[in-house]
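Each chain, written out:
Protein chains: 6
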Amino acid sequence: MNMADEFSRERERLNELVLKHANRDIKRFYNLDSQVYREGALSERVKELMGLVASTVLRCDDCIAYHIIECKKAGVSEDEIIETLSIALVVGGSITIPHLRRAIELWEELNGPREI
Amino acid sequence: MNMADEFSRERERLNELVLKHANRDIKRFYNLDSQVYREGALSERVKELMGLVASTVLRCDDCIAYHIIECKKAGVSEDEIIETLSIALVVGGSITIPHLRRAIELWEELNGPREI
Amino acid sequence: MNMADEFSRERERLNELVLKHANRDIKRFYNLDSQVYREGALSERVKELMGLVASTVLRCDDCIAYHIIECKKAGVSEDEIIETLSIALVVGGSITIPHLRRAIELWEELNGPREI
Amino acid sequence: MNMADEFSRERERLNELVLKHANRDIKRFYNLDSQVYREGALSERVKELMGLVASTVLRCDDCIAYHIIECKKAGVSEDEIIETLSIALVVGGSITIPHLRRAIELWEELNGPREI
Amino acid sequence: MNMADEFSRERERLNELVLKHANRDIKRFYNLDSQVYREGALSERVKELMGLVASTVLRCDDCIAYHIIECKKAGVSEDEIIETLSIALVVGGSITIPHLRRAIELWEELNGPREI
Amino acid sequence: MNMADEFSRERERLNELVLKHANRDIKRFYNLDSQVYREGALSERVKELMGLVASTVLRCDDCIAYHIIECKKAGVSEDEIIETLSIALVVGGSITIPHLRRAIELWEELNGPREI
Chain D
28 MNMADEFSRE RERLNELVLK HANRDIKRFY NLDSQVYREG ALSERVKELM GLVASTVLRC
88 DDCIAYHIIE CKKAGVSEDE IIETLSIALV VGGSITIPHL RRAIELWEEL NGPREI
Chain P
28 MNMADEFSRE RERLNELVLK HANRDIKRFY NLDSQVYREG ALSERVKELM GLVASTVLRC
88 DDCIAYHIIE CKKAGVSEDE IIETLSIALV VGGSITIPHL RRAIELWEEL NGPREI
Chain A
28 MNMADEFSRE RERLNELVLK HANRDIKRFY NLDSQVYREG ALSERVKELM GLVASTVLRC
88 DDCIAYHIIE CKKAGVSEDE IIETLSIALV VGGSITIPHL RRAIELWEEL NGPREI
Chain E
28 MNMADEFSRE RERLNELVLK HANRDIKRFY NLDSQVYREG ALSERVKELM GLVASTVLRC
88 DDCIAYHIIE CKKAGVSEDE IIETLSIALV VGGSITIPHL RRAIELWEEL NGPREI
Chain H
28 MNMADEFSRE RERLNELVLK HANRDIKRFY NLDSQVYREG ALSERVKELM GLVASTVLRC
88 DDCIAYHIIE CKKAGVSEDE IIETLSIALV VGGSITIPHL RRAIELWEEL NGPREI
Chain S
28 MNMADEFSRE RERLNELVLK HANRDIKRFY NLDSQVYREG ALSERVKELM GLVASTVLRC
88 DDCIAYHIIE CKKAGVSEDE IIETLSIALV VGGSITIPHL RRAIELWEEL NGPREI
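Protein sequences appear in the order of chains D, P, A, E, H and S. First residue of the first sequence: 28, per my numbering; consecutive thereafter. First residue of the second sequence: 28, per my numbering; consecutive thereafter. First residue of the third sequence: 28, per my numbering; consecutive thereafter. First residue of the fourth sequence: 28, per my numbering; consecutive thereafter. First residue of the fifth sequence: 28, per my numbering; consecutive thereafter. First residue of the sixth sequence: 28, per my numbering; consecutive thereafter.
Just so you know, these hints were derived from the structure itself, not from any lab. None of the values given here were measured: they were computed from a predicted structure. Hints may be right or wrong, so weigh each one.
One copy or two, it doesn't matter: identical chains are merged, so the pair holds either way.
[Said to hold, decoys possible] Below, a list of computed lysine to aspartate or glutamate pairs in the DMTMM-like style, where the Cα atoms sit at most 25 Å apart:
hint, residue 1, residue 2
1, K54, E107
2, K47, E135
3, K47, E66
4, K54, E135
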């Protein structure tokens, strides 16, 4: 199984576990977390890219993987992903590079290698 | 003098001080930091909003103030600012709220109070 | 005016500003943020102390001030505050010390100097 | 072997390695780190829960696993764990969710699935 | 009064306040915190510069000010300060720039403007 | 294969992937990132130790592994590594301990067990 599918399946399995044990506050947070990326004044594509910037500067591999996959679903282009990661790299510094590597590895899996 | 002008003047004064003492690496970083927000596959407006998201989740008041001012110059709307800050709030949690307060205070200064 | 009152007044003024500009997601986050400290399986006192630990290791002065004031209202003792700050100091390291200083200064203002 | 035992064994193996190479300062830190959770004005249970809050908002899986296991030993209830994690989630934001998932998975392993 | 003296005086005043209220764990941490920068295999100068790197990437203005002042006392040169801040800037990213500005402002106050 | 070689090989493989997809800004950041550790007023050895301090307080295992390996190549002694990690531990707190463990495990692999 590829990385993206394995990640998504494990994420779903554990989210079900969380919601089984969750109280009302955790459930409300989960609802809010899915609402906030819905299309509004800003498009869903831009919001997913914002999720990617935030996840990269905060250095959370799972969050990065999730937003990379959502960006792919939303039709984001490679140039948009790379410009977004450039901003995260400059803001967050070299400490983000290990996450950048894994982000691009996942992106390549979803898209095939870049044609030059 | 208003907050935005005072911030921008002090920022400029200190950046000149940095560049007077800087070595080549710091100067190259400064150049890179201004390049990365230039229009490309993504518009300058979206890139400034990404700078705002990153600055808010990393909780840097000076960086937030800078990007709020740049967003205003780039013609970003209030709805776009608020949606961007919502994403930062959900990703970064209540620990970002003090910065959200100051971001919105500065935004109101730049725009006047919201009409309802 | 003392530090605690000045802090609380400014916090309230800016929260009103946020809620004037807020969208539904920000309002829902604010509600959730006040719900989560309500008495449940854990007492309100313990929850405020947890808010203090989290704020100290994340190094947010405004959040620390808020929870110090709430701890005082909830009847927390000085020994409980100091043990809580000790845990935060050991977990978060010397980088938390500047915040520890300001936390204890505010606590002393609220209580008067410790009697030995 | 289950996750909790595997984690504890590996942690012990590596702590022995650290102490074999450690200087006096590192050894003193280790001592301080075990002192600070001892019962005092606050109970050991509350202190372990504080360790869990701090570890979750700082997003350290190993530290979370350690405090989840110590909470179980100290007789903490599931409602107390869940309320503690709710506070960490609201303070620390959605970026803590991947850690929340793994915390609850470990808690379930230690307790069996929640009965409804 | 200049910035360095004002900072040092306020820091001393608040540290006395902390130690008046501190328990044994906090006092032991304070001792450890002063031990760790003492000359050993590494010189005191290098250790103060390490304190500066750590403080800059963790973005703590008070800690940066403290180590800048200690570096000056220990006879660190401007080139060494600037190279140290360059590493912190590259590792920590543009989010450290506001702290870099204030670090260099304080350094200039301690040394006078750089001669070119 | 040992940990150090496995880490270095995987790091190189992913860095090639990044550079295949990178834009000019990411490439310039990579160049800057290698420049900043070159010998100058400070020796390469001290700069690698600074990279280690920064990586440890920011809690990035990949960055720690990289600098541990570079320190070994640069002829850093065990006492220097341990003093450096002590500073990181005191500044960054117990939350850095899991990273300290893995740093020392890797260091031991590179050097063999410490002789007492």
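At most 25 Å between C-alpha atoms: does K47 with E66 qualify within a copy, between copies, both, or neither?
between (29 Å within a copy, 22 Å between copies)
Please work out whether the CA atoms of K54 and E107 approach to 25 Å or closer within one copy, between two copies, in both situations, or in neither?
For K54 and E107, the Cα distance is within 25 Å only across copies (16 Å; inside one copy 32 Å).
Can you give me the call for K54 and E135, within, between, both or neither, at a CA distance of at most 25 Å?
So K54 and E135 pass the 25 Å test across copies only (18 Å; inside, 34 Å).
Which holds for K47 with E135 at a C-alpha limit of 25 Å: within a copy, between copies, both or neither?
Answer is between; shortest inter-copy Cα gap is 10 Å, intra-copy 34 Å.
Hint violations for this structure: none, all hints satisfied.
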